[in-house]
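Trainee: Using the sequences provided together with the hints, build the complete structure.
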Amino acid sequence: MADEKELNLEGVEEKPKSGFKLDIKIAIPILLAQIITSYLLASFVIVPAFFSPVQAGQEVEEEEEGDDGEFGIVYQVEDIIVNPAESGGTHYVVINMAFELDSEEDSEVLHKKDPKLRDILIRTISS
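Residue numbers (the numbering used here): 1 to 127.
No lab work stands behind these hints: they were computed from the structure. Hints may be right or wrong, so weigh each one.
Stated by the list, open to error - DEER-style ranges, computed between Cβ atoms:
(1) I73 - S127: 23 to 33 Å
(2) V47 - G72: 26 to 36 Å
(3) P29 - H91: 45 to 55 Å
(4) R123 - G72: 25 to 35 Å
(5) I28 - I81: 43 to 53 Å
Model, not experiment: these values are computed from the prediction. Yeah, the Cβ is synthetic: ideal placement off N, Cα and C, and Gly gets one too.
Mentor: Here's what the structure looks like:
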């Protein structure tokens, strides 16, 4: 019996492993280095290229000056019922929305255009 097993083993050749096996001790440091490099590149090269510090500072100052902690006039659009796209009519969504306005005049304008506003919201949400 032992001779038969030896014969079977002699006839079978070991196949060389194909593919690339990356050792975990090498993979984790490489992954961490890529993450750190990506973060540094995004923080110090890409973002400053699109946003200059002067513009960012001006925007922050403008927001601080205009923010007094009180809300403006709120216009509410209640009970918008919509069937979402591709739901086949089996699902529906009920939405209440509120808009903060600067003046009472804006509230009157929205009140006059309420049907048009609802139509725009329904088309946007259902698509």
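Trainee: With reference to the structure, classify each hint as holding or not holding.
Mentor: We went through each hint and held it up to the structure:
1. At about 29 Å, the beta-carbon gap between I73 and S127 stays in the expected band of 23 to 33 Å.
2. In this structure the hint that V47 and G72 lie 26 to 36 Å apart at CB holds, the actual value being about 32 Å.
3. Range check, P29 to H91: about 48 Å between beta-carbon atoms, so the 45 to 55 Å window is met.
4. Checked against the given bound of 25 to 35 Å, the beta carbons of R123 and G72, roughly 27 Å apart, stay inside it.
5. For the hinted restraint 43 to 53 Å between I28 and I81, the CB-CB distance of approximately 52 Å keeps it satisfied.
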